[in-house]
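Peer 1: Spelled out, the chains give:
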Amino acid sequence: DTGVSQNPRHKITKRGQNVTFRCDPISEHNRLYWYRQTLGQGPEFLTYFQNEAQLEKSRLLSDRFSAERPKGSFSTLEIQRTEQGDSAMYLCASTPAGLYNEQFFGPGTRLTVL
Amino acid sequence: QQQVKQSPQSLIVQKGGISIINCAYENTAFDYFPWYQQFPGKGPALLIAIRPDVSEKKEGRFTISFNKSAKQFSLHIMDSQPGDSATYFCAAKKAGANNLFFGTGTRLTVIP
Chain S
211 DTGVSQNPRH KITKRGQNVT FRCDPISEHN RLYWYRQTLG QGPEFLTYFQ
261 NEAQLEKSRL LSDRFSAERP KGSFSTLEIQ RTEQGDSAMY LCASTPAGLY
311 NEQFFGPGTR LTVL
Chain U
81 QQQVKQSPQS LIVQKGGISI INCAYENTAF DYFPWYQQFP GKGPALLIAI
131 RPDVSEKKEG RFTISFNKSA KQFSLHIMDS QPGDSATYFC AAKKAGANNL
181 FFGTGTRLTV IP
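Protein chains in written order, with our numbering: chain S, 211 to 324; chain U, 81 to 192.
FYI, nobody ran anything at the bench for these hints, they're computed from the structure. Only true hints are included.
Straight-line C-alpha distance at most 35 Å; calculated DSBU-like pairs for lysine-lysine:
no., chain 1, residue 1, chain 2, residue 2
1, U, K173, S, K281
2, U, K122, S, K281
3, S, K267, U, K174
4, S, K221, U, K173
5, S, K221, U, K122
6, S, K267, U, K173
7, U, K137, S, K267
8, U, K85, S, K221
Anything over 10 Å on all C-beta distances counts as not near chain S; from chain U, calculated:
no., residue
9, P88
10, L91
11, Q94
12, G97
13, I98
14, F146
15, K148
16, K151
17, S154
18, P162
19, T189
20, I191
Everything numeric in this text was worked out from a predicted model, so none of it was measured. Where a beta carbon is used, it is the ideal one built from N, C-alpha and C, also for glycine.
Using the sequences and the hints given, assemble the complete structure.
Peer 2: What follows is the structure in structure tokens.
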């Protein structure tokens with residue numbers, strides 16, 4: 211499968227714990243995005259990378275959230291001191307160089323904070 | 081504030097019928113309007129997209145109609161099939177920006 215992959219697919223954690231998600235974009239896609247989707251809503255933008263540089267962050271990305279993309283390949287999204295309001299589907303998308311608009315989404319990581 | 085407003089929230093259509101989902105926007109800086117299809121437990125998949133310089137785009141059974149003056153666009157699914165049952169999201173993106181603004185989704189059910 212050459213699509214965007216995300217791990218884990220599901221994560222259950224207790225409030226106050228830290229969690230980390232991983233996204234592997236489609237090979238040679240230089241743009242990578244993180245979105246959050248809550249039940250019954252459309253995805254909301256969190257942050258954007260071009261290669262290894264994090265170029266844009268949404269106001270939704272509080273200081274408990276941090277994202278990295280070392281070497282411009284896979285990306286990680288970490289949430290520290292999780293809260294019940296963080297429960298959502300976290301989606302990763304990527305775009306190839308030369309195609310400015312099209313974003314290809316992964317299957318997402320569903321986070322449940324108890 | 082919802083940048084893209086989508087309706088209806090849910091839609092039930094008979095097999096073979098036409099499904100129509102509508103979206104509206106206010107920001108004239110938007111210049112790219114995709115539609116995504118999402119099945120339960122899956123990420124959104126790009127279905128079809130349009131730029132504002134055309135009024136219609138058709139790909140197979142899926143057609144986007146775009147009305148620039150009214151700032152509205154819609155998805156038409158012809159000959160709807162049970163396999164089309166999914167949640168559909170419209171979205172919009174500003175020229176030069178990186179993020180998509182999504183509508184709230186329409187849950188389509190096609191009954192045999």
